[in-house]
Each structure stands twice: as structure tokens, then as C-alpha cells.
Amino acid sequence: MNSPIVTRFAPSPTGYLHIGGGRTALFNWLFARGRGGKFLLRIEDTDRERSTPEATAAILRGLTWLGLDWDGEVVSQFERKDRHAEVAHQMLSRGTAYKCFSTTEEIADFREASNASYAVFRSPWREADPTTYPDAPYVIRMKAPRTGETVIEDRVQGTVRFQNDQLDDMICLRSDGTPTYMLAVVVDDHDMGVTHIIRGDDHLNNAARHKMIYDAMDWPLPIWAHIPLIHGPDGKKLSKRHGAVGVEEYQAMGYPAAGMRNYLTRLGWGHLDAEIFTSEEAMKMFDLDGIGRGPARLDFKKLENTCGHHMARADDAALLHELTAFMAVAGLDPLTETQRDLLSQALPFVKTSAKTFPQLLEKANFSLIFRPIAIDAAAQASLDTVSRGILKSLTLQLQNALWSKTELEPILTAAAAEAGIGFGKLAAPIRAALAGRTATPSVYDMMLVLGRDETLARLAEAAE
RNA sequence: GGCCCGUUCGUCUAUCGGUUAGGACACCAGGUUUUCAACCUGGGAAGAGGGGUUCAACUCCCCUACGGGCUGCCA
Numbered sequence: 002m003n004s005p006i007v008t009r010f011a012p013s014p015t016g017y018l019h020i021g022g023g024r025t026a027l028f029n030w031l032f033a034r035g036r037g038g039k040f041l042l043r044i045e046d047t048d049r050e051r052s053t054p055e056a057t058a059a060i061l062r063g064l065t066w067l068g069l070d071w072d073g074e075v076v077s078q079f080e081r082k083d084r085h086a087e088v089a090h091q092m093l094s095r096g097t098a099y100k101c102f103s104t105t106e107e108i109a110d111f112r113e114a115s116n117a118s119y120a121v122f123r124s125p126w127r128e129a130d131p132t133t134y135p136d137a138p139y140v141i142r143m144k145a146p147r148t149g150e151t152v153i154e155d156r157v158q159g160t161v162r163f164q165n166d167q168l169d170d171m172i173c174l175r176s177d178g179t180p181t182y183m184l185a186v187v188v189d190d191h192d193m194g195v196t197h198i199i200r201g202d203d204h205l206n207n208a209a210r211h212k213m214i215y216d217a218m219d220w221p222l223p224i225w226a227h228i229p230l231i232h233g234p235d236g237k238k239l240s241k242r243h244g245a246v247g248v249e250e251y252q253a254m255g256y257p258a259a260g261m262r263n264y265l266t267r268l269g270w271g272h273l274d275a276e277i278f279t280s281e282e283a284m285k286m287f288d289l290d291g292i293g294r295g296p297a298r299l300d301f302k303k304l305e306n307t308c309g310h311h312m313a314r315a316d317d318a319a320l321l322h323e324l325t326a327f328m329a330v331a332g333l334d335p336l337t338e339t340q341r342d343l344l345s346q347a348l349p350f351v352k353t354s355a356k357t358f359p360q361l362l363e364k365a366n367f368s369l370i371f372r373p374i375a376i377d378a379a380a381q382a383s384l385d386t387v388s389r390g391i392l393k394s395l396t397l398q399l400q401n402a403l404w405s406k407t408e409l410e411p412i413l414t415a416a417a418a419e420a421g422i423g424f425g426k427l428a429a430p431i432r433a434a435l436a437g438r439t440a441t442p443s444v445y446d447m448m449l450v451l452g453r454d455e456t457l458a459r460l461a462e463a464a465e
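According to the working numbering, the stretch in the first sequence is residues 2 to 465, in order.
Mixed in with the good hints, there may be bad ones.
List time: in silico SDA-like cross-link candidates among lysine to any residue, alpha-carbon distance up to 20 angstroms [unchecked claim]:
1. Lys303 <-> Gly247
2. Lys406 <-> Ser443
3. Lys212 <-> Thr181
4. Lys302 <-> Gly244
5. Lys406 <-> Asp454
6. Lys303 <-> Leu321
7. Lys241 <-> Gly201
8. Lys100 <-> Asp130
9. Lys303 <-> Lys212
Cβ pair distances, simulated, as ranges [said to hold, decoys possible]:
10. Ala319 <-> Arg112: 55 to 61 angstroms
11. Gly423 <-> Lys237: 51 to 57 angstroms
12. Ala58 <-> Asp177: 24 to 30 angstroms
13. Gly16 <-> Thr132: 46 to 52 angstroms
14. Ile224 <-> Asp342: 49 to 55 angstroms
15. Arg453 <-> Gly37: 50 to 56 angstroms
16. Gly425 <-> Thr279: 18 to 24 angstroms
In case anyone wonders, no lab produced these hints; they're calculated from the structure. Quick reminder that beta carbons are idealized off the backbone N, C-alpha and C, glycines included.
Please model the complete structure; the sequences and the hints are all you need to start from.
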């Protein structure tokens with residue numbers, strides 16, 4: 002039996018949850034959940050200058066909204082700093098690392114002297130005799146091999162080779178005793194038992210350095226899968242000028258989480274003709290081989306379309322629940338009991354044509370407004386004297402009607418015939434009366450949701 | 001500068017040496033219709049460029065172009 006799969010998402014808490022990070026988390030989640038494995042969460046907060054608890058909270062909120070649940074406690078990388086230091090010292094005693102007393106000034110001078118800011122720094126302390134060590138602060142550097150090559154077997158990018166003379170002796174432990182990212186990731190991934198590392202391909206080069214640390218400690222290698230970054234619609238690296246980059250912004254725009262997951266899964270991953278699917282279905286299909294090698298562009302039109310499918314298929318109660326949550330983050334007034342009741346009755350038919358929550362609210366607007374109904378200019382145009390008269394007589398005819406579509410249909414049809422107009426001509430003033438606008442759901446659907454009393458009241462009001 | 005990665009319709013992708021290069025979004029044209037949508041049908045649309053390897057290349061190799069990443073006592 003194979004060892005259980007363990008994946009992780011390891012964001013640094015310096016801001017909101019980036020949409021690209023959300024997708025990375027999603028891929029890790031799908032992969033682990035689809036194979037009975039574990040999905041862990043670790044906050045890479047070793048940079049004390051830039052890490053904030055607010056950012057951590059925002060990241061957790063974003064993941065929670067996306068529906069990506071993690072196993073166990075959230076790991077704080079910073080809190081593991083003693084363990085990192087311990088490993089650095091183990092490397093020292095294994096002879097795979099050394100103390101370097103070069104100061105940042107000396108390194109800067111070296112770069113300046115070599116007239117190239119990108120020159121590879123070679124520490125003079127690499128082979129120094131410990132008896133010559135000064136009583137001064139030092140960093141612990143990896144004693145990286147200088148010849149040969151380091152080969153990464155990446156599940157997305159394939160075999161990637163690095164010439165070792167291109168790599169420097171990276172710092173593992175800073176002079177203040179805190180670990181650098183390079184050391185911390187490896188130690189944490191090892192200790193947490195991470196078997197598969199799925200992350201952005203901006204880390205592909207780092208993987209070579211990471212491998213050197215695994216090798217230095219004689220630790221088994223994880224399986225790497227470096228996924229391409231997400232780009233904006235123009236093909237450039239996604240940035241704020243493209244609009245929404247934070248996951249929570251998508252929530253605020255009203256995209257349902259299930260649609261968001263579906264869209265993000267298909268962004269950079271494909272499996273035959275699979276397009277619309279639930280997360281459960283995605284877990285069964287998702288595999289590393291299906292991940293594309295090129296960066297994918299965000300396409301809001303397709304996002305919307307995907308969300309539309311999920312909106313239409315959503316369970317009414319769950320949809321109402323998510324809509325309520327959306328209204329809260331969007332800063333909208335909470336629904337009154339009456340609104341909630343009418344809205345849930347409207348949901349079955351308004352959800353089939355809405356793609357986002359604002360659209361859903363827009364289509365269900367008739368169920369949320371109160372008398373007197375504000376009638377916009379376009380709708381007002383259909384309320385001339387003639388149609389007001391028709392509405393008035395219709396009000397009387399509906400007085401004792403049984404309130405079902407089969408009963409209402411013949412009444413409205415007859416009313417149109419009697420007035421010598423087509424049904425469309427009759428529907429327009431009814432829309433105006435019931436919804437105050439020209440674009441509404443079917444007049445029958447609205448009448449049924451509103452009920453006899455409210456319908457008659459609105460018709461009478463418009464007929465005045 | 002060096003090193004690394006990428007490149008199939010406008011977009012997301014399928015294809016894993018032999019297909020009329022498939023699907024989806026978007027777009028265009030019809031249809032349905034009680035408005036807006038939604039929905040249905042049809043259509044146009046692709047292997048970055050150049051060399052190889054092979055009976056055969058989108059698929060394998062090389063070069064170029066373009067895009068991206070790394071090159072920190074950031075992650």
C-alpha cells in the first residue's frame with residue numbers, strides 16, 4: 002500500500018489571499034482530498050517585518066469562503082524557528098554547512114567590486130579553519146556542491162537540470178539566529194510529512210536549492226509539481242490594475258464559491274471535455290498530469306458562465322444561505338422575514354438565469370420591494386390610460402380566482418383578447434405594476450410568489 | 001548578464017507520432033419567447049517562426065522570437 006498523500010498550502014501573510022494562491026490551494030486540496038490524503042496549512046511568517054496577523058486572518062477567510070478546509074491546526078512557521086536552527090546546526094555538524102562571518106557590508110562591497118549586482122558570492126569562510134573564527138555574529142551557509150548538477154524531477158515541468166556552479170552557498174540561518182525561507186520550507190515540509198509539493202513555478206529554481214538541503218540532511222525527497230502563474234486578461238502578470246486579485250474581492254463581486262472552484266480548477270488544468278463539475282467530481286478527476294505548462298489568463302466571461310451553471314443547479318436553501326452571506330460582505334441590508342420568504346419562493350426560477358448574486362438579487366427584485374412600488378421611466382411608458390383601465394378591470398376579475406398558473410392563464414389570456422391586444426401588450430403594464438420595471442421574471446411567476454393580496458394591491462396601485 | 005520555465009482557435013483546454021486537430025467561453029447568424037435573460041440550432045476561428053529525426057510530427061531534438069521566473073541575512 003502506498004503511503005498516504007500529504008499536501009500543503011504555505012502562503013506568506015503579507016496581504017490578502019491572491020487568486021493565484023487560491024488556485025494553488027485548490028489544486029493541493031483537490032489532490033489530497035481526492036486520494037484520501039491530508040491537506041495542511043502553514044503560514045510562512047518568518048519575515049517579521051512584513052507578516053501581520055490581519056493578513057493571516059484574511060487568508061483563512063479567503064480559504065474558508067472558497068470551501069477549502071485543511072487538516073489539523075494551522076502551522077506557524079515562525080513558531081518553529083528553534084527547530085529550524087536545530088537543523089541548521091545539524092548540518093553544521095554533518096559538514097554540509099558552515100559558519101560564515103562575512104558581513105552584509107562585505108558582501109555588498111564584493112558585488113560592487115565585481116561590478117555586477119548579480120555576481121555569485123563565494124564566502125571565504127567555506128573552508129576556513131574553525132580556530133580562525135572571530136568572536137562575531139555569523140550566518141550558517143549551505144555548503145553547496147560546486148560541481149556537477151542538481152536534477153529536479155518535476156511532475157509538471159519534467160526533468161529540470163541546474164549546473165551546480167550556478168548556485169551559491171545560500172544562507173540557512175541568519176546572523177540573528179532566525180531561519181531563511183529556504184531552510185524553513187524544507188524543514189517544515191519534512192517534519193509535516195508533506196509528500197507532494199504543488200506550488201507556483203516561481204519556486205522552480207528554488208527547488209534545486211531545496212533539494213540540496215534534503216540531500217544535506219539525508220531526507221527523502223517530496224514530489225514536486227510547479228504550476229504556472231495566473232495572468233491577467235492581457236497576458237501580463239496579474240496585478241491590481243487588472244481589477245480583482247484578492248480572493249475576497251471575488252466573493253464581494255458575488256460569484257458563488259462552487260462556481261469559483263470549478264472555474265479555478267479548469268484554469269490551468271484540463272481533463273478531456275470536462276467543463277462543469279462539482280468539487281466531488283473534480284477530486285475524482287484531478288491529477289498532476291492534467292496541469293498545463295503555460296500560464297493561464299483570467300477570463301471573467303467564462304468565470305461568469307461557469308458560475309451560472311452552479312447557480313442554476315444549487316440547492317435553494319444552500320443558495321439562500323450563501324446569498325445572505327454575500328449580502329453581509331457586500332454591505333447590503335439584511336433581508337426582512339417577508340423578503341426572505343418571498344425570495345425563497347422566487348429562487349427556483351430566478352436562479353436559472355443568474356450568474357452572480359447581484360444578478361440573482363436583480364432578477365428577484367420584485368420579491369424584495371414594498372408598496373408603494375417605484376416605477377422606472379421605461380416601465381411607466383406602458384402605463385397609459387388605456388392599460389391602467391385594463392389593469393383595473395383585471396383586478397376585479399382576479400378577485401376570486403384560484404391562485405395557480407392553470408387558473409390565472411385563461412383569465413389573463415381572455416383579458417388580452419377582450420382588450421384586443423396581444424399577450425405581450427398586457428404583460429408590460431403588469432410587469433410595471435408588480436415590479437416597477439420592464440425586465441422581470443414571467444408575470445405568472447411573479448403573481449404566484451407575491452400571492453393574491455399583494456398582487457391585487459400592486460395592480461390597483463398602478464391603475465390609480 | 002547568467003541560469004531555469006513556457007508558447008494549440010480571441011480565451012481556457014483535449015490530443016500523449018498517424019484525428020476532417022475535439023470541447024467550453026466569447027463572438028456571429030437563426031430559433032423559441034410575455035420583457036431582460038436563460039435556453040436550442042448552426043457558423044467562423046488554432047498548432048509562434050525556422051531547421052532537423054521519422055514512412056509519418058501539434059506531439060521528439062536543436063535554434064530564433066516573444067512571454068515569465070530565479071539570481072536577497074524576502075517568501
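Discussion item. Please list, smallest to largest, the hint numbers that this structure does not respect.
Written reply: Hints 6, 9, 16 not satisfied by this model.
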